[in-house]
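Chains as they are written, first to last, in the numbering used here: chain A, 1 to 336; chain B, 337 to 770.
Some hints could be false.
[Said to hold, decoys possible] Interface residues of chain B toward chain A, partial, derived using beta-carbon atoms under 8 Å: (1) A479; (2) V483; (3) N545.
[Unchecked claim] Below, simulated BS3-like cross-link-like pairs (lysine-lysine); rule was C-alpha separation at most 30 Å, straight line: (4) A:K238 - B:K518; (5) A:K287 - B:K518; (6) A:K109 - B:K643; (7) B:K544 - A:K109; (8) A:K241 - B:K640; (9) B:K518 - A:K241; (10) B:K595 - A:K238; (11) A:K238 - B:K643; (12) A:K241 - A:K193; (13) A:K107 - B:K643; (14) B:K544 - A:K286; (15) A:K241 - B:K643; (16) A:K107 - B:K640; (17) B:K640 - A:K311.
Keep in mind the hints are simulated off the structure, nothing from the lab.
A quick note: this is a predicted structure, and the numbers were derived from the prediction, not measured.
By construction, the Cβ of each residue, glycine as well, lies at the ideal position given by its N, Cα and C atoms.
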Amino acid sequence: MDLLNAFVALSNFVLIPAIAYGSQLALGALGVTLIYGILRFSNFAHGDTMAFGTMATILITWGFQAIGISAGPLPTALLALPFGIAVCAGLILLTDRGVYRFYRTQKAKPIIFVMVSLGVMFIMNGLVRFIIGPNDQRFADGERFIISVREFKALTGLKEGLAFKTTQGITVLTAVIVVAALFYFLNRTRTGKSMRAYSDNEDLALLSGINPERVVMVTWLIVAALATIAGVLYGLDKSFKPFVYFQLLLPIFASAIVGGLGSPLGAIAGGFTIAFSEVMITYAWKKVANYALPEALAPDGLAQLLSTDYKFAVSFVILLIVLLFRPTGLFAGKSV
Amino acid sequence: MSDTARNVLYFGFVALLIIGTGFVQSWNSALFVLNFGLISAIMALGVNLQWGFAGLFNVGIMGFVALGGLATVLISMPPVGEAWAAGGLRVVLALVLGAATIVGAILAYGALPRGRVRAIGMIAILIIGFFVYRAVFDGGVAAVEAVNPANAGYLGGLGLPVLVAWPVGGLLAAGAAWIIGKTALGLRSDYLAIATLGIAEIIIAVLKNEDWLARGVKNVVGLPRPAPYEIDLQNSPDFVERVSGWGLDPVKASTLWVKLIYAGLFAAVLVVLFVLAQRALHSPWGRMMRAIRDNEVASEAMGKDVKARHLQVFVLGSAICGIAGAMMTTLDGQLTPGTYQPLRFTFLVWVMVIVGGSGNNLGAVLGGFLIWWLWVMVEPIGLGLMQLITAGMADGYWLRDHLLDSAAHMRLLTMGLVLLLVLRFSPRGLIPER
Numbered sequence: 001m002d003l004l005n006a007f008v009a010l011s012n013f014v015l016i017p018a019i020a021y022g023s024q025l026a027l028g029a030l031g032v033t034l035i036y037g038i039l040r041f042s043n044f045a046h047g048d049t050m051a052f053g054t055m056a057t058i059l060i061t062w063g064f065q066a067i068g069i070s071a072g073p074l075p076t077a078l079l080a081l082p083f084g085i086a087v088c089a090g091l092i093l094l095t096d097r098g099v100y101r102f103y104r105t106q107k108a109k110p111i112i113f114v115m116v117s118l119g120v121m122f123i124m125n126g127l128v129r130f131i132i133g134p135n136d137q138r139f140a141d142g143e144r145f146i147i148s149v150r151e152f153k154a155l156t157g158l159k160e161g162l163a164f165k166t167t168q169g170i171t172v173l174t175a176v177i178v179v180a181a182l183f184y185f186l187n188r189t190r191t192g193k194s195m196r197a198y199s200d201n202e203d204l205a206l207l208s209g210i211n212p213e214r215v216v217m218v219t220w221l222i223v224a225a226l227a228t229i230a231g232v233l234y235g236l237d238k239s240f241k242p243f244v245y246f247q248l249l250l251p252i253f254a255s256a257i258v259g260g261l262g263s264p265l266g267a268i269a270g271g272f273t274i275a276f277s278e279v280m281i282t283y284a285w286k287k288v289a290n291y292a293l294p295e296a297l298a299p300d301g302l303a304q305l306l307s308t309d310y311k312f313a314v315s316f317v318i319l320l321i322v323l324l325f326r327p328t329g330l331f332a333g334k335s336v
Numbered sequence: 337m338s339d340t341a342r343n344v345l346y347f348g349f350v351a352l353l354i355i356g357t358g359f360v361q362s363w364n365s366a367l368f369v370l371n372f373g374l375i376s377a378i379m380a381l382g383v384n385l386q387w388g389f390a391g392l393f394n395v396g397i398m399g400f401v402a403l404g405g406l407a408t409v410l411i412s413m414p415p416v417g418e419a420w421a422a423g424g425l426r427v428v429l430a431l432v433l434g435a436a437t438i439v440g441a442i443l444a445y446g447a448l449p450r451g452r453v454r455a456i457g458m459i460a461i462l463i464i465g466f467f468v469y470r471a472v473f474d475g476g477v478a479a480v481e482a483v484n485p486a487n488a489g490y491l492g493g494l495g496l497p498v499l500v501a502w503p504v505g506g507l508l509a510a511g512a513a514w515i516i517g518k519t520a521l522g523l524r525s526d527y528l529a530i531a532t533l534g535i536a537e538i539i540i541a542v543l544k545n546e547d548w549l550a551r552g553v554k555n556v557v558g559l560p561r562p563a564p565y566e567i568d569l570q571n572s573p574d575f576v577e578r579v580s581g582w583g584l585d586p587v588k589a590s591t592l593w594v595k596l597i598y599a600g601l602f603a604a605v606l607v608v609l610f611v612l613a614q615r616a617l618h619s620p621w622g623r624m625m626r627a628i629r630d631n632e633v634a635s636e637a638m639g640k641d642v643k644a645r646h647l648q649v650f651v652l653g654s655a656i657c658g659i660a661g662a663m664m665t666t667l668d669g670q671l672t673p674g675t676y677q678p679l680r681f682t683f684l685v686w687v688m689v690i691v692g693g694s695g696n697n698l699g700a701v702l703g704g705f706l707i708w709w710l711w712v713m714v715e716p717i718g719l720g721l722m723q724l725i726t727a728g729m730a731d732g733y734w735l736r737d738h739l740l741d742s743a744a745h746m747r748l749l750t751m752g753l754v755l756l757l758v759l760r761f762s763p764r765g766l767i768p769e770r
């Protein structure tokens, strides 16, 4: 039995990756849930919005690298991020003007919005593949580790190493800042309050003089920022591949629904729920078990519940369970 | 212009497109377009049943199509005796145990009183069941996959005629649809979309990774065919004599003949399904479905069981997609899970239904042919367009190379644009619902 090493192994392979992944999912789910709360539809284009924002950021990062601007130990992508958000926001506002606004004035059914967002998804996906291609792109630079395995071992003298990647640190830090800023905005500022009012009761909000077009525009801007940040963080942590971003749609939706569609707090809780379940169920527990259990009980196999190929199945099963037993989600989002 | 005249005109135009392909490119590609057009039309019929009749948004067509493809393998391939001997029964036993676990949990949910006992009991059944299932399953799978992995390594099928697989594909898809519909219907309309999106991804993941089932990404090739092989035709003196009498080259004639046989089979299925769908649409049942679609609250007040009707139509529509999937795999002669892309199998079918005219079976069929033709032709047209645009640029200039390379992604853009434009300017489609 060696609980200390077991805990280090657990942190290294489960806790830290799951926290980073959970932050990325939470940011994505926040975007989905905001659109759902204000515009009242599930935005299928969200994954590809993330891909588009990330692509813009990557291109600007490459530009910065070419002219020799860097952020020292931090990834250059962080400097490019604001510009990426601006490009993404531009595209999204254009889409709203050209596509969604028509259906809004028509008061079309939510399902029509969902279909339209599917068309938007196609076009964004096409744009991304057209501009940067369908292949993997790595764009992380700067220091790779805050603590590397070797440093950690030298520091503590433990047998098991612990690596804490810069990208993971940045992910968690950024997520905390973004979420804090978002909640401040929603709860304290005039615009944020008008957004929540609009989300709660559209007619009443209109009566009290809230400009719906402004609310919608601000929502899209926030969504563009959230999507781009989530996408860039995910891309830094893993790598950028357009198809993967499309596939992220499922865990993101699952997070938003588990938390309760329309509830920002729920989106964060949902993101971490999904991330932890996914990582814990697809992780091979052999190493941790070998440390934590007496030798006689140590498992022969990998002690892996599901192969990593089925990680989407995890979010899907959680989604089904929530739909079956508590369709409004953990934090009672909008009505069913 | 009367409706009939307009419809004749539309279908005449599509026929012209296909025949034109025959003259401009080759008759082989024209028949290729026709065959896949027939299959696409069947898929569009299925989706039209769900969307056009009932307003259900299914984003997992790819999954149901793939299940149809799986049925083709499970029915028509000869069984691999060695694999069955090595671990086949064990795998089957494990699957039965897994199913029994889930059924047990559901029974426990019904039998136990509400509260903590029920929650703990269900979780205990599921966890114990899962470990028992894995313990039995893993050994069986390892044994099966070890049998001659280069060209078997799976259990094989039942060795029945391949045509049996078509209805079975429908049944498999219907089963999956029932599970999804049971959970997600009756909730918000978006939830069904999200749930179907998920099940499609998972079905593809299962097909790719469960090698014992259908060899995963190693693909099953050489599926039995309902049509004769070209090489047999070329060696048959009768056939050669006959086509030579018509002044045709036997090699080319044999390929055309085989494709024509497929076209005949597919057309027969399409006609049957079309007649059934048409009868359903104009029956009291069809009117009820549309009433539910247009106003759920009012129909519920009239005593209609909205959730049950939705489940019914969702299962039926998915079954049709499954049949089409089995037919497509039969035509391909192989099951290649790696080629199932949501763009091609889900969203393309959606574009077909929307463009053709949702709520109208004839419209769905028209959309199937028209959009399939467009799908096949967009790539050469896109490439041509790119060559035109880049004609002024110097050879090897990066933008020129990039644009030429990216021509393949024109399809996504075009399909998205078509979908948005039709939804915006002609939401009822080419042949609107009456």
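Practice task
With a cut-off of 30 Å on the C-alpha distance, tell me whether K238 of chain A and K643 of chain B pass.
Solution key: Violated - the C-alpha atoms of K643 of chain B and K238 of chain A are around 42 Å apart, more than 30 Å.
Handout entry: Given pair status - K193 of chain A, K241 of chain A, alpha carbons within 30 Å
Key = Status violated; Cα separation ~37 Å.
Handout entry: 30 Å Cα cutoff - pair K544 of chain B, K109 of chain A
Key = violated (37 Å)
Practice task
Measure nothing beyond the straight line between the CA atoms of K518 of chain B and K241 of chain A; if it is 30 Å or shorter, mark the hint as holding.
Solution key: violated (34 Å)
Handout entry: chain A contact restraint on A479 of chain B - CB to CB distance below 8 Å
Key = With a minimum Cβ separation of about 16 Å from chain A (threshold 8 Å), the hint on A479 of chain B is violated.
Handout entry: Residue hint N545 of chain B, partner chain A, criterion CB-CB below 8 Å
Key = holds (5 Å)
Exercise for the section: Measure nothing beyond the straight line between the CA atoms of K241 of chain A and K643 of chain B; if it is 30 Å or shorter, mark the hint as holding. Expected result: violated (39 Å)
Problem - Holds or violated: K544 of chain B to K286 of chain A, with C-alpha atoms at most 30 Å apart - result: holds (25 Å)
Exercise for the section: Measure nothing beyond the straight line between the CA atoms of K109 of chain A and K643 of chain B; if it is 30 Å or shorter, mark the hint as holding. Expected result: Cα-Cα ~19 Å, so holds.
Problem - Agreement of K287 of chain A and K518 of chain B with the hint, judged by alpha carbon distance not exceeding 30 Å - result: violated (40 Å)
Problem - Pair hint K640 of chain B and K311 of chain A, alpha-carbon separation not exceeding 30 Å - result: Violated, at about 39 Å.
Practice task
Answer holds if the nearest beta-carbon of chain A is closer than 8 Å to that of V483 of chain B; otherwise answer violated.
Solution key: For V483 of chain B, the interface hint is violated, since the closest Cβ of chain A sits about 21 Å away, which is over 8 Å.
Hints 1, 2, 4, 5, 7, 8, 9, 10, 11, 12, 15 and 17, counting from the list given before, are not met by this structure.
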